[in-house]
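S.K.: As you go down the protein sequences, you meet chains A and B in turn.
First residue of the first sequence? That's 1 in the working numbering, and the numbers climb one at a time after it.
First residue of the second sequence? That's 1 in the working numbering, and the numbers climb one at a time after it.
The hints are simulated quantities; they were obtained by calculation from the structure and are not laboratory data.
Be a bit skeptical, because a hint or two may be false.
[Unchecked claim] Just some of the chain A residues that point at chain B, by a computed CB distance under 7 Å: (1) Ile21; (2) Thr22; (3) Ala43; (4) Gly96; (5) Gly105.
From the three backbone atoms N, C-alpha and C, an ideal C-beta is built for every residue, glycine too.
What follows is the residue order along each chain.
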Amino acid sequence: MANCSTLAIPITIVGMICVVITALLGFFYAPLVDPNSWNAPEAYRILYWHVPFAWTSFLSFCLLFIGASSWYVKRSESGWTMLVIGSQLGLLFGLGVIISGPIWGSAEWGVPWDWGDVRLNSYALLTSVALFLVMSIRSQPDGQETRDTLAAIGLFGFVLVPVTAVATTLWREEQNRKIDKEVLT
Amino acid sequence: MNGEIEAIVTYSILAAMLFSYTFSRISSLSKLKREIAGKPTEDSKE
């Protein structure tokens, strides 16, 4: 455990340097998309952080799931710590996706949110589960009953991860079908 | 309007979120380390 805490700060600093490098590459090195095919070609650069944020949030929810399971099975203190960290990171990266997505959407589509798009709505629900967990952990008295309840909600939240992933895949296939149909007609 | 301002605003917001969270975690960890390091000294005083 002592080794973990010794490595935590250097690893975090390396991660933050990589984040800055990604932003710089996204802005100054990555090629621009075809300006004729996109309404807001420069806004496309948002996706260089938007997509990694989304994947990192999924990893955070995996951490939350492992922590919640570990709490249920072994009443493990490290499991509870993983749940707390997983929910905080899930909220941080989830909010990043929820903020960056609509800004890109309003620039590219003209509307910030598509209520008919399952992936957006299921992802928003996923982030709201993380928000609920973070707020509950901060506000509720710490005890076994509270931890059991919040771990159950964390497990429910993780169920939304494959739902969101499947919704994203189905939505992409549907969009491709629509584009193919438009090209043929 | 090609979305340049939107991209800059988005990166600024996300960077502020990410860096503020990271620095708050690092400062909490450093504080905890200092407290742990300080404990044996207090015990030895007693």
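S.K.: Each hint needs a verdict: does it hold in this structure or not?
M.R.: Each hint, compared with the structure:
With a cut of 7 Å, the hint placing Ile21/A at the interface with chain B is violated, because the nearest CB-to-CB distance is about 13 Å. Annotation: interface hint on Thr22/A violated; nearest CB of chain B at approximately 10 Å, more than 7 Å. Interface restraint check: Ala43/A against chain B, minimum CB-CB distance 3 Å, threshold 7 Å, status holds. Taking 7 Å as the C-beta cut-off, the interface hint given for Gly96/A holds, the closest approach to chain B being about 5 Å.
Proximity of Gly105/A to chain B is violated relative to the hint, the smallest CB-CB distance being about 10 Å (cut-off 7 Å).
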